[in-house]
Amino acid sequence: MIDFSDIDLYPVTGRSYYKDRSDEEVIAQLAKGGAKIVQLREKNISDRKLYELALLYRKETSRYGMLLIINDRADIAKAVEADGVHLGRDDMPIETARKILGPDTIIGASSHNVEQALEAEREGATYVNIGPLFTTPTKPGARTIGLEPVRETLGQLSIPLSVMGGIVEMNLMDTLSTGVRHIGMVTAVFGQDDIAAATKRFVNIIRNASR
14 MIDFSDIDLY PVTGRSYYKD RSDEEVIAQL AKGGAKIVQL REKNISDRKL
64 YELALLYRKE TSRYGMLLII NDRADIAKAV EADGVHLGRD DMPIETARKI
114 LGPDTIIGAS SHNVEQALEA EREGATYVNI GPLFTTPTKP GARTIGLEPV
164 RETLGQLSIP LSVMGGIVEM NLMDTLSTGV RHIGMVTAVF GQDDIAAATK
214 RFVNIIRNAS R
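Using the working numbering, read the sequence shown as starting at 14 and increasing by one per residue.
These are calculated hints, taken from the structure and not from any lab test.
Keep in mind the model is a prediction, meaning the values are calculated, not measured.
Each residue gets a CB set at the ideal place from its N, CA and C atoms; glycine is no exception.
Be aware that one or more of the hints could be misleading.
Stated by the list, open to error - Only pairs whose alpha carbons sit at most 35 Å apart, straight line, appear in this in silico DSBU-like list of lysine-lysine:
#1 112 / 152
#2 56 / 91
#3 91 / 152
#4 62 / 91
#5 91 / 72
#6 62 / 152
#7 56 / 112
#8 72 / 213
#9 72 / 56
#10 56 / 32
#11 213 / 45
#12 45 / 32
#13 72 / 45
#14 32 / 72
#15 62 / 213
#16 72 / 152
#17 62 / 112
#18 91 / 213
#19 152 / 56
#20 152 / 45
#21 32 / 213
#22 62 / 32
#23 112 / 72
#24 213 / 56
#25 72 / 62
#26 45 / 62
#27 32 / 91
#28 152 / 213
#29 45 / 91
#30 112 / 91
#31 56 / 45
#32 32 / 152
Said to hold, decoys possible - Distance windows between CB atoms, simulated:
#33 171 / 77: 27 to 33 Å
#34 157 / 224: 26 to 32 Å
#35 117 / 154: 34 to 40 Å
#36 16 / 38: 23 to 29 Å
#37 223 / 28: 28 to 34 Å
#38 157 / 113: 17 to 23 Å
#39 38 / 165: 27 to 33 Å
#40 156 / 77: 33 to 39 Å
Given only the sequences and the hints, what does the whole structure look like? Please build it.
Encoded structure:
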């Protein structure tokens with residue numbers, strides 16, 4: 014089993030960028046590029062469609078030995094035997110998700126500052142995400158936090174910290190300069206014609222920064 018601390022690139026789905034590519038093809042491309050994980054994050058679909066999609070993603074990620082995280086929905090994560098759930102600030106409490114999913118399931122939590130990150134750690138999160146760092150088309154109008162909170166949070170958190178929000182190749186090295194090594198990406202990966210090549214490029218950049 015992959016531990017979250019071993020994760021480098023953290024692709025978060027943006028199916029509107031898939032164009033004519035199937036979900037199976039996209040997951041295969043992620044695996045080919047070296048991704049160890051994918052988060053299924055789809056907001057505007059029915060519960061049934063999300064469940065069916067999660068089943069498909071569980072089947073395909075298992076084929077390639079990848080972790081599967083479900084955004085928001087602990088019930089669906091449990092139903093499809095996903096590896097974990099990622100909870101937003103307005104989702105169910107971490108303690109409740111832990112009761113549903115058990116002690117060994119990955120539970121990620123969103124935060125926007127060091128205080129929220131430390132609160133999530135105290136409540137039992139496996140990892141915390143902080144962001145959005147930069148302007149992002151997936152959350153138009155969201156207030157960005159920049160890089161300084163990343164440095165501050167890394168210095169105080171004892172569980173893994175991931176970052177997300179507008180991270181692209183142009184600002185990736187600046188992001189890595191904070192010391193963070195778990196990098197969430199949407200458009201920079203799924204918006205490319207060659208997802209495998211983009212994945213491999215970002216994985217290599219992150220891993221090289223860790224040496």
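Practice task
Could you work out which earlier hints the structure fails to respect and list their numbers in ascending sequence?
Solution key: Those not satisfied are hints 38, 39.
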